[in-house]
Amino acid sequence: MELIERYLEAVKFWLPRRQKDDIIAELSGDIYAQIEDREASLNRKLTEAEVEELLKQRGNPLLVANRFQPQNQLIGPELFPVYRFVLKIFAFGYLMPYVLVWIGMMLFSPAFRIEQAHASGLGAIGSLISYLWIATCLVGCPVTAAFAILERMQERMHLFDCWSPRKLAHVRDLNHIPRTNSAFELGFGLIFIVWWIIYLHSPVVWIGPLAQITLSPQWPWLFWGYLLVALVNLTLAANKLMHPQWSEEKAVMRLFSDLAGSLLLCWLMKADLMAGFAAANTTPEQSLALTEAFNHWMRTIFPVAVALTLVVFATNVYRIVRLHRSQKRDSL
Amino acid sequence: MVTPLNPEAFENLRLELRRGCLVLAVLAALRREQYGYTLRKILSERGLEIDEGTLYPLLRRLESQGLLASEWREEEKRKKRFYLLSVSGALVLEQLLDEWSSLDSSIREILKGEK
Chain H
1252 MELIERYLEA
1262 VKFWLPRRQK
1272 DDIIAELSGD
1282 IYAQIEDREA
1292 SLNRKLTEAE
1302 VEELLKQRGN
1312 PLLVANRFQP
1322 QNQLIGPELF
1332 PVYRFVLKIF
1342 AFGYLMPYVL
1352 VWIGMMLFSP
1362 AFRIEQAHAS
1372 GLGAIGSLIS
1382 YLWIATCLVG
1392 CPVTAAFAIL
1402 ERMQERMHLF
1412 DCWSPRKLAH
1422 VRDLNHIPRT
1432 NSAFELGFGL
1442 IFIVWWIIYL
1452 HSPVVWIGPL
1462 AQITLSPQWP
1472 WLFWGYLLVA
1482 LVNLTLAANK
1492 LMHPQWSEEK
1502 AVMRLFSDLA
1512 GSLLLCWLMK
1522 ADLMAGFAAA
1532 NTTPEQSLAL
1542 TEAFNHWMRT
1552 IFPVAVALTL
1562 VVFATNVYRI
1572 VRLHRSQKRD
1582 SL
Chain P
100 MVTPLNPEAF
110 ENLRLELRRG
120 CLVLAVLAAL
130 RREQYGYTLR
140 KILSERGLEI
150 DEGTLYPLLR
160 RLESQGLLAS
170 EWREEEKRKK
180 RFYLLSVSGA
190 LVLEQLLDEW
200 SSLDSSIREI
210 LKGEK
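Heads up: the protein sequence lines correspond to chains H and P, in order. In terms of my numbering, the first sequence has 1498 at position 247, counting the first letter as 1, and numbering is strictly consecutive. In terms of my numbering, the second sequence has 187 at position 88, counting the first letter as 1, and numbering is strictly consecutive.
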């Protein structure tokens, strides 16, 4: 029967090379035995449609052949969670921040936009995708190869036998705030506030006896804004020192103070902070050039401040969501 | 409200449960020499349906582990591969049957305790 021969040939193609003939002989015997059995019970020859149905019941030739293959896995179930974890670190620790910074630069830096895409949006997305693809290949391929080698060696190396309950990591309470951190925040905050008030209360800042910087007219707003944020942070640090557990109230307060600090930073970058510079042995032209260079540099790194704001916002929101979930779990 | 298990998940659990039993059934059935098709029929007649895509790879695995012996012979004008339980296969079958009985009685005990 031609259909049977075609089926067997299709199965044979995918079989392990050394066993091809042997397996096909056995499968062929089984198919013909089944047909003979059916014909004997029906007392007639099977039609081609019935043979076709019988072969269909046996399954796709590729799947049938696959069952005879040895179980080959590039990375087995024992190592796979570690492999996935490493790839996740790469994805969330490198690719995602890269994309966020890229989006920030594209939105707020015209120079970067032109450099990336020659003013074409599609070209910019294409260059981003090609960079991500290359980075993924450069990291993903060696990582996969390393895990595939480990997979082959793990039985000989007894990778999973070398462990002890004493060597396992201590349980981390994510809601606990180490008192040393709070004490450091408190001390640093106090020093910062004193320094801020003494040296930056006026828009004219002296650098040594011979040089002075005149700050932008917007400086009083920035001065009081940062002072307010620093005072809120100081209060929060004192509270954390006394009650070293995160609560939703503390987390929300931290979100607002961090967000205010980050937004002030963004404003600072765009505010043409240096209004003038004067120093001994410096000509007015040199002072002007220095002032413009400084302000240009601040504007250039503005997208970094935006990306930082996004990261700060995401971290704080994550903390609030985590606290909310853990409180919900505890109340159950 | 009880959410019924979806049919696919149940099928996976059923197959998992059957997988070990199939080895036992095949070894037990091959205390007498059989070739693939008759073995499949015998198992099916006793209520244990097994498709050829599962049976033949299983027979090859058991043979490579030395639990079965096989030989090609001509019968009714057709070449067939006959399988028979080997000496070490018989020993393993005995041990597996003990394990089976022990599991069976453990589960019965657990079910009795639950009632």
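Calculated directly from the structure, the hints in this document are not laboratory data. One or more of the hints may lead you astray.
To be verified - What the simulated footprint calls covered on chain H by chain P, stretch by stretch (three residues with Cβ under 8 Å from a Cβ of chain P suffice, anywhere in the stretch; the number is not a length):
#1 1276-1290
#2 1311-1319
Stated by the list, open to error - With beta-carbon atoms standing in for the labels, derived distance ranges:
#3 P:Glu132 <-> H:His1409: 53 to 61 Å
#4 H:Phe1439 <-> P:Ala108: 52 to 60 Å
#5 H:Leu1419 <-> P:Phe109: 35 to 43 Å
#6 H:Glu1303 <-> P:Ser204: 44 to 52 Å
#7 P:Arg177 <-> H:Ile1340: 38 to 46 Å
#8 P:Leu210 <-> H:Ile1340: 25 to 33 Å
#9 H:Pro1361 <-> P:Phe109: 56 to 64 Å
Keep in mind it's a predicted model, so treat the numbers as computed, not measured. The beta-carbon is built from N, C-alpha and C at its ideal position, and this holds for glycine as well.
Verification of the supplied hints:
no.: 1; hint: 1276-1290; in the structure: holds (count 9)
no.: 2; hint: 1311-1319; in the structure: holds (count 4)
no.: 3; hint: P:Glu132 <-> H:His1409: 53 to 61 Å; in the structure: 42 Å, violated
no.: 4; hint: H:Phe1439 <-> P:Ala108: 52 to 60 Å; in the structure: 55 Å, holds
no.: 5; hint: H:Leu1419 <-> P:Phe109: 35 to 43 Å; in the structure: 37 Å, holds
no.: 6; hint: H:Glu1303 <-> P:Ser204: 44 to 52 Å; in the structure: 48 Å, holds
no.: 7; hint: P:Arg177 <-> H:Ile1340: 38 to 46 Å; in the structure: 59 Å, violated
no.: 8; hint: P:Leu210 <-> H:Ile1340: 25 to 33 Å; in the structure: 46 Å, violated
no.: 9; hint: H:Pro1361 <-> P:Phe109: 56 to 64 Å; in the structure: 60 Å, holds
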